[in-house]
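Protein chains in written order, with this note's numbering: chain A, 1 to 496; chain B, 1 to 496.
If you're looking for bench data, these hints aren't it; they were derived computationally from the structure. Glycine is no exception: its CB is placed at the ideal position from the N, C-alpha and C atoms. Fair warning: there could be bad hints in the mix.
[What the hints assert, rightly or not] DSSO-like cross-link-like pairs, simulated, lysine-lysine; straight-line CA separation at most 30 Å: (1) A:216 <-> B:276; (2) A:160 <-> A:138; (3) A:59 <-> B:35; (4) A:192 <-> B:276; (5) A:26 <-> B:355; (6) A:76 <-> B:26; (7) A:17 <-> A:76; (8) B:26 <-> A:35.
[Stated by the list, open to error] Here chain B is said to cover these stretches of chain A; the calculated rule only asks that three of the stretch's residues, wherever they fall, bring their Cβ under 8 Å from a Cβ of chain B: (9) 14-27; (10) 263-277; (11) 390-403.
[Claimed, not checked] Here are some, though not all, of the chain B residues that point toward chain A, as calculated from beta-carbon distances under 10 Å: (12) 2; (13) 32; (14) 70; (15) 141; (16) 275; (17) 279.
Protein chains: 2
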Amino acid sequence: MLDKIDPTVTISRKDFKAAMAGLEGKLAELQQRVKAAGFPVLILFEGWSAAGKGLLLPKLLNPLDPRYFEVRTFAKVNEEAAMRPFLWRYWRDLPAKGRIGVYDRSWHRTALPQGQKKRGLSARESENFYQDVNAFEKTLIDDGTLIIKLFLHVSREEQKRRFDELRKNPGTAWRVDSADLQQNKQYNANLKKFSQMMKKTGGNGSPWHIIEADDKHYAALKMIRVIIGRIEAHIGNRLAEAPSGSNDNPAATADPAARWLPAVDLTERISKEDYKEKLTFYQNKISELGFLLYARRRSVVFVYEGWDASGKGGNIKRLTQRLDPRGYEVIPIGAPSADELSRCYLWRFMRRMPKDGHLAIFDRSWYGRVMVERVEGLASEAEWRRAYAEINAAERHLYNHGTIIFKFFLHIDKDEQLRRFEERAADPLKRYKITDEDWRNRDKWAAYEKSAEEMLARTSTEYAPWLVVAGNDKRRARITALEYACGVLERELGKA
Amino acid sequence: MLDKIDPTVTISRKDFKAAMAGLEGKLAELQQRVKAAGFPVLILFEGWSAAGKGLLLPKLLNPLDPRYFEVRTFAKVNEEAAMRPFLWRYWRDLPAKGRIGVYDRSWHRTALPQGQKKRGLSARESENFYQDVNAFEKTLIDDGTLIIKLFLHVSREEQKRRFDELRKNPGTAWRVDSADLQQNKQYNANLKKFSQMMKKTGGNGSPWHIIEADDKHYAALKMIRVIIGRIEAHIGNRLAEAPSGSNDNPAATADPAARWLPAVDLTERISKEDYKEKLTFYQNKISELGFLLYARRRSVVFVYEGWDASGKGGNIKRLTQRLDPRGYEVIPIGAPSADELSRCYLWRFMRRMPKDGHLAIFDRSWYGRVMVERVEGLASEAEWRRAYAEINAAERHLYNHGTIIFKFFLHIDKDEQLRRFEERAADPLKRYKITDEDWRNRDKWAAYEKSAEEMLARTSTEYAPWLVVAGNDKRRARITALEYACGVLERELGKA
C-alpha cells in the first residue's frame, strides 16, 4: 500500500498558490455547514515522525473558526488512560455533533511499536485490536460521524534530513529521540507495519488518505483537498440517505422466541435466617475479592437492568455494602443530558469505565438503547437494531482489556410489580420513588417484555453473559446476585 | 488544638450499640432530605495514617443509598492534577446539588509534608495556600454547600501498634510505607502541623471536627453524630434564612462612577497595510512565545468579554492563528447545562483550566455572573455582589499557581453595534450570528454598561488586570490584543 506511493512528489510555489485559491474560504464555509447539519467530524493524523504535522495542522485550522474545532494530542499514554481499555481516551474526547475534532495521533498507533505496548502486540492482541478498532469506527460512522484518516508519508531520505536539521539546533534537538532515529533506521520494516495497519483498518467506509509529505506545499494542498472532498461527499450522502443510517443489518430478522424470562422460577423464596447468614457470608467474601481485584489491577463492570420496582437499588446496596468505598462507584442512569445527546449513545457510558482495580456499577445502562429507547421510539428501528452488535463489540473491548462484566436483569411478574407500586404509593417515605411514568411503562409491559427477550438473546455473549435474576423475593435476588458475582470473581482471580 | 483532645477515649460495645440505635435510619432519612432540599454535602476525611478510615467510611456509607453518594480518593497527585492549580481536582469532582460527596483526603493535605510538595510549603506558599483554600471554601459554602471536615485523631501509641500489626502480616505490610513510620516517629511535630492547619482553616463557618479514633466504636459513633448534627442544622438554617445566602457583603455599596468605558478612544483607526504588517509580526512573535510557554511549563488563560458583535470571534481567531494548535483550546461559553446548573457557577470554568504549558481562551466566561446573570436576574443580588470577591479569589488561585491571566473587554459604541447587526442581517452567511436575543440585549445597553463598569472596577487586580480594547476598528482591536499579550508574555517569560 504505502510502498506504492511516492512521497517525494512536489508542486511549485506558483502552482500551489493558484490551486489553493478559494480552498480556504471553502473550508471555512464547510465548517459552517457541518455545524448546521449537526454531525461530528473526526480528522485523524497519523504518519512518520517529522512528517510535518506541525506545519500542516495550522494550514488546516487557520481558515476555521476556533470556537468550533478542538485539537487533542494523544502522543503519550498517561496514567488515567493506561489503566483503562485503550479506546477509552478516544471515546472520552469525541467531538460533539456539529464540531470538528482533530486527533493528533489516534488509536491506530496502539498497534504499532510506538504505541501503548513497547514491544508491539502479540498475534492474539493484534487480532483483538483490529476487531475492536473496526467495530469502534463502525459504531461512530453509523452514528453519523465523518472520520477522515490521514497518513503523512515521508521518504526515508527526507525524514533523515529533517532529523539531522532538528538535531543541529540546540533549541530543537530535544524533539528527536532514539525511537525516532530507530524508525528511520528500520524504515522498510516500519513501512510494512504501517501498510499492514492501514490495510486492516481502511475498510468500514473509512479509508486512509496518504498525504505525500516530502514537499510541504504538496502535502498541504492534498490534505485540504481530501478534507474538502470528504466533507462535501458526506453532506451529499446525508441528503441522499434516509436519516436513520445504514439499514443493512443482519439482525433485522424475526423476533426470537420468548425463552429467557419464562424460564425463571419466580416462586422460590429464602427464609429470613438463611438470608441473613448468606448475606454476611457473601458480603465478606466479595469484600475480600474486592481487595484482590485491586491488587491484581482488574476492573469490573456491573450492569443492572430490570423492571421498574424490581429491586435494583436494594440489590446494588447489598452488593456494595462491604466493599471498600474507595474502590467502587455507583452510576445511576437517567435521561441523557444535552451534552450526551450530542454524541453517540455509548459515549456517556464509555467515558465512565472504571480504572483497573476498580468497580463501576451501572443502575440502568447502555441497554436503554434497545429497551426504553426502542419502546418509546426514541431510537429509530435501524438504530436499535444495529445497537446489539455495537454493544457486543463495546463489551468485547472491555473484555479484551481484562474487565470482568456482570449483567443482571432483575425479573418480577406483573402482579408483584403492582403490589410494590401500591406499597410505595402508600408509604410517604417511598412515594417519591413512584411516578406517573412508572404507571405508563407498566401499560407497555408486553412491549418491554419483547424487547427484553430480544436483548437477552442478542447480547448474552461468552465474554459478557446475562444473568436473569428471579426478583419476586427481593432477599433471594440479592443472594443470587452476590453468590453469582463471588463465584465468577473467584474463578477469574484464580481463587476457586 | 489537637493536643487538647484525648484520642484514647473509649465506649463499651453495649453503650455503642444502644447509642447507635436509630442513627443509621436517621442518616438514611437525612440523605433523602438532602436530595429533596437540593444542596451538595461535602464530607472531608483527614487525619493520621492508620487512623481507621477504612473502617469508618463503611460505617458512614452503609446506611446510605449508593446511587446518591460518591467517594473520591485524593491520595496521590497524578500527572493531570500536578500540571494544574492544586484546587483543580477538588473543583472537578464536586458533588452536584442533592448529592453527598465524600473526599478521602482533601485540599488541606497540600499544606502538609505528605502533600503535593515533598518538603512542605515556603512561608509565602503557605500564606497563599491558606488564602486560596479559605476563599474556595467560602465560595462553596455561600453557594449552599455543606462542608463537614473530619479529622481522625489517634494517639502515638495506638498508631504505632497499628503499624506493627499491619507489618506483621505479609498481606498488609505494603500498606505501611516509610512516610507513615516517619509520621509516627515525629508525632509531636506533626501534631503541631496538623493543629496549625486546622486553626488556619477552621473559620468560614466550616469548623474541623476531631474524631477520637483509638477506639473504633467511639470514633464511628462520634462521626455519625457529627454528620447528623451538621446536616440537620444546615437544613434548619436553610429554612430560617433567605434563600439568597449571606448578605453581609461589603461590596454592596454605591455604584462606581463610569470611568472605564468612557476613557476609551473609539475613533482610532489602523491602515490596512499597517494592520497586515503588524498582524504578521505579532502572530509570529506570539507563536514563538507559545513554544517558550510550553518549554517553561507556564499556563495562560484568556478571557474575552464585550458587547454582542464587538468582534470577539475574529479577535480570538487572529490571536490563535499561528499558535501550535496542540497547545491551546478555545472554549465558547453558552447557557449552562443541567450538570453545570447543579453546581457552583465557577465549576464549569475551573474544571477546564489549562495544563501547564497550555493556553485556554474563553469566549465569554465566569464574568457572565456579574453581567448577563445580573442584568437578566438569573443571579440574585447577593449572589452577583459576592461574585466579585469570589472571582478575584479564583483568579488569584490561578495566579498563585503561575498561570498568566488576560482579560479583554472588547468595547464598541451603540452606533457601531447597530451597523454590524444590520450588516449581519443583510448577509445570508452571517445571518445566523444575529438573533432576537441580540436585539433584546441591545435594548438593555445602559444596564449592561453599568454592570460592565462595576465589573471592571471591582475585578481589575494587579494579578489579573482588565484591558478594555477599543473595538470600533476590528483590525485595530486585534493588533491591540496581540501586542498587549506579547508584551506581557515577554515580561513574564523574562524575554523583554
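Consistency of the hints with the structure:
no., hint, result
1, A:216 <-> B:276, "holds (24 Å)"
2, A:160 <-> A:138, "violated (37 Å)"
3, A:59 <-> B:35, "violated (51 Å)"
4, A:192 <-> B:276, "violated (47 Å)"
5, A:26 <-> B:355, "violated (33 Å)"
6, A:76 <-> B:26, "violated (49 Å)"
7, A:17 <-> A:76, "violated (36 Å)"
8, B:26 <-> A:35, "violated (51 Å)"
9, 14-27, "violated (count 0)"
10, 263-277, "violated (count 0)"
11, 390-403, "violated (count 0)"
12, 2, "violated (25 Å)"
13, 32, "holds (7 Å)"
14, 70, "holds (6 Å)"
15, 141, "violated (25 Å)"
16, 275, "violated (17 Å)"
17, 279, "violated (12 Å)"
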